[in-house]
Amino acid sequence: MTTRPNEPLLVAEDSNEDFKMLQRLMQRMTVQNPIYRCTTGDEVLDFLYQVGDYQSPAIAPRPSVILLDLNLPGIDGRDVLERLKQDISFKEIPIVVFTTSANPKDIELCYQRGANGYLVKPMDSSELEKTVQAFVEYWLEANTPPSVIS
Amino acid sequence: MNLTNHEKPIHAPGSIQSHGMLLVLEEPELKVLQVSSNIKTYLGLQPQDLLGQPLSHLIDPQQAIAIGQQLTGENTRNPLKLSISTDRGKRYFDAIAYRTADEAIVELEPIDSPNETSFFSFHAAIAGILSQIQSTSSLPEFLQLIAEEVRKLTGFDRVMVYQFDPSGAGCVVAETKRADLSPYLGLHYPATDIPQPARELYARCWLRFIPNISAPSVDLITLNQQPVDLSLSILRSVDACCVEYHRNMGVAALLAIALMQEQQLWGLIACHHYTPKYLTSEVRIACKFLGQLASLELANKIRQQELRDRVQLKSLQSELIESISQASNFVEALIQPAPRLLSLTNATGAAVCLGNEISLVGATPNLEEVRSLIDWADTQVSDNLFATDFLPQIYPPSVEFKATASGLLLLQISKIRRYYILWFRPEVIQTVTWAGDPNSSFQLENGSVSLSPRHSFERWQETVKLKSLPWQSYELDSANDLKTAIVGVVLRKAEELAQINQELKRSNRELAAFAYAASHDLKEPLRGIYNYSTILLEDYAQLLDLDGADCLQTIKSLSQRMEALIDALLRLSLLGKAQLNLQATDLNELLQQAIAVLFASRPDAQMSIRIPRCLPTIECDPVLVSEVFSNLISNALKYNDKADPWVEIGDRERSGGSPILYVRDNGIGIQAHHHETIFKLFKRLHSQEKYGGGTGAGLAIVKKIVELHGGRIWVESVPGEGATFYFSLK
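Chains as they are written, first to last, in the working numbering: chain A, 1 to 150; chain B, 151 to 880.
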């Protein structure tokens, strides 16, 4: 199975170290998809609504899947999730939560708000690799995302 | 009111009805003092023939002795059969003899033969009624049975059971009648229809019989006597007012039997006939007996009915209390389902008021009206339980909502907290159908009100304005019981709350201790990580390539960041345990020091500080407040991208209360949706690289300090132009 290299992945992650780790792992798995990164909740919304610093589709294309951290600066990841899932034009974009929080309340809340998956960031690096591998294989390779509306 | 229609007292009219004769006697010789003038019609005698004579002048000695015995109570008031010789032969009479205060009275009613009893068997008439009465289960069923039995006994066209309410107004509660007559069942009659003296006579005599209401009355002829008291007389003439009243109704013959309960006139069995109708004394005795029997059983049936009502009410209450004590939402439990709260006091509407929160149930005035009513009650009502069936009289604005609340029952659960339950009843006019316009029984004559019998008996819905049905004592009890129950529930909840509070305090203390200890212990391995990374970088730099050195640098900066986070946590947990060291503090001095310290650690900072006017001296913990200022000013410095950044510190107009201080800048500002979240621990609005990073603990610490002082902090901002943080310190 091959990745569909043109489909953009949006990563909402405030920690540079975590993002660097993710990038390294994805490089190792030869992920070809363009990866976009936002570091705050406000940025994620700006990116999707193409406002503020993200006014051109060239800088901010519509992502086919979003990997979302919960504890984001600015608007919290939980609220970003709710906003996107309540917006008719974005609710179909798969959102996978990627967070350190293994709190059952968070898991429950995120699925209530329409999350498509919930991945806990493990401490152990080989565990982390397995998790990222699973994400890539399912969401970037096996899964068919909704067709991108022009 | 001047009731001018009765020229003579109703109990001593000085005349009788024409279907019998009456003699007033003087004991012990039984000398005739007064005699009815119709003695001529019945006996062919002139009154003068008898006046001053002993009774034996009229009847034979044996019969006179029997009369004497009845007077002394040796014989009860069963009629004696008398025969009197007249010039037209022997005539037969039923005779009743009794004493009044001053005289003895004998009343005679003609009968066809001395054996009349044989046509009517008292036993046959009464037998069976008793067992039937006992087998009826409800009060209405019982009253209906009584009405039917009386109609069977008397053959009257219409027999009604008429019940008085506490105001004296009456209502037809049972009725049986000739099929072609229009029903009176359910109609109400004003108290004036049966004046108080008439009611007293009913209560004394049990029975009132008028065979022909239109027959002219017969005067009592007397030598020199005052009108005698005819209260106990069965022949007493009919009051003119009563005659006209019944004639207007089309009634020709009338029989009324008293229904007594606990020595009070509870009601009447009222019998109407539309042509003159005579009843023998035996039938009347049977009727009277039936009335007495019914009165006895009435108390029973009322008690049973009340008991049933009470049991029902009690189960309603306990159901309500059960759900209150289990519910988390107290008001919800009270008002859902709505009929339960209403039937507790037989109200049509209710309002539950908890402080400023008012919930309405059923038919009520609107929210504003209820609010004003409670405001009024707050100052005017001191009783825990207050009931009125005439609210507009004491609270005139309620005229506006008389249709829902002419009656008010107010239960005060807590005056301090303004916890009330209010029940409403509508104006009675909405629910009562009167027989005829009761107001028409009053006529104004030369400025005085007089009673006059009504002419119209058409149904009429008018009279008692602005009043509701009265609240019964058991309904008030029910409200009181509810209060007791609620107080019990509230007390239990308060107890639970106190316990939870205690646990919360303990766990809060533990948490602060934990955070402090944990922070301390966390720092130790952290120092190790930092120090060992430093050793690697310094002593083994030649073994690492650029990437490796970069990774080690990241470890160092991450461990520094973690230390900053732990320090913030430590600071907050210490604040949680802190005791305020309050003292009068000159804010100008405090601010100067804080600014000096701040700029000492940031020598390159370019920012102008504006203090437009002298700051006050206030009571506060100077060390902590200094921390507030340096945090806010350092934020103003950090989040500013203008060419000429400035920060302004001042206080807003103090109007009596504690001053409101502010720190204003011309920085990047904060969007409205972040105005609350910025005060959360470790909450940041920007990524680490921007605006010099930070832990996101500063404002959380500031907020904690302000709240420790009993104050409040908030922000106002125009994004892109600047922000102003306001805070107060009590």
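Since the hints were made in silico from the structure, they are not lab data. Backbone N, C-alpha and C fix where the C-beta goes; we use that ideal spot for every residue, glycine too. Treat the hints with care, since some could be wrong.
Far from chain A, by Cβ distances over 10 Å, these chain B residues were calculated [claimed, not checked]:
1. LEU335
2. HIS396
3. ALA402
4. ASP627
5. LEU835
6. GLY842
Heads up, incomplete: computed chain A residues facing chain B, CB under 7 Å, no partners named [unchecked claim]:
7. ASP14
8. THR39
9. PRO73
10. GLY74
11. ASN143
Going down the list of hints, with the structure as the test:
| no. | hint | verdict |
| --- | --- | --- |
| 1 | LEU335 | holds, 62 Å |
| 2 | HIS396 | holds, 79 Å |
| 3 | ALA402 | holds, 83 Å |
| 4 | ASP627 | holds, 49 Å |
| 5 | LEU835 | violated, 5 Å |
| 6 | GLY842 | holds, 14 Å |
| 7 | ASP14 | holds, 5 Å |
| 8 | THR39 | holds, 3 Å |
| 9 | PRO73 | holds, 4 Å |
| 10 | GLY74 | holds, 5 Å |
| 11 | ASN143 | violated, 29 Å |
Hint compliance for this structure: hints 5 and 11 are not met, and every other hint is.
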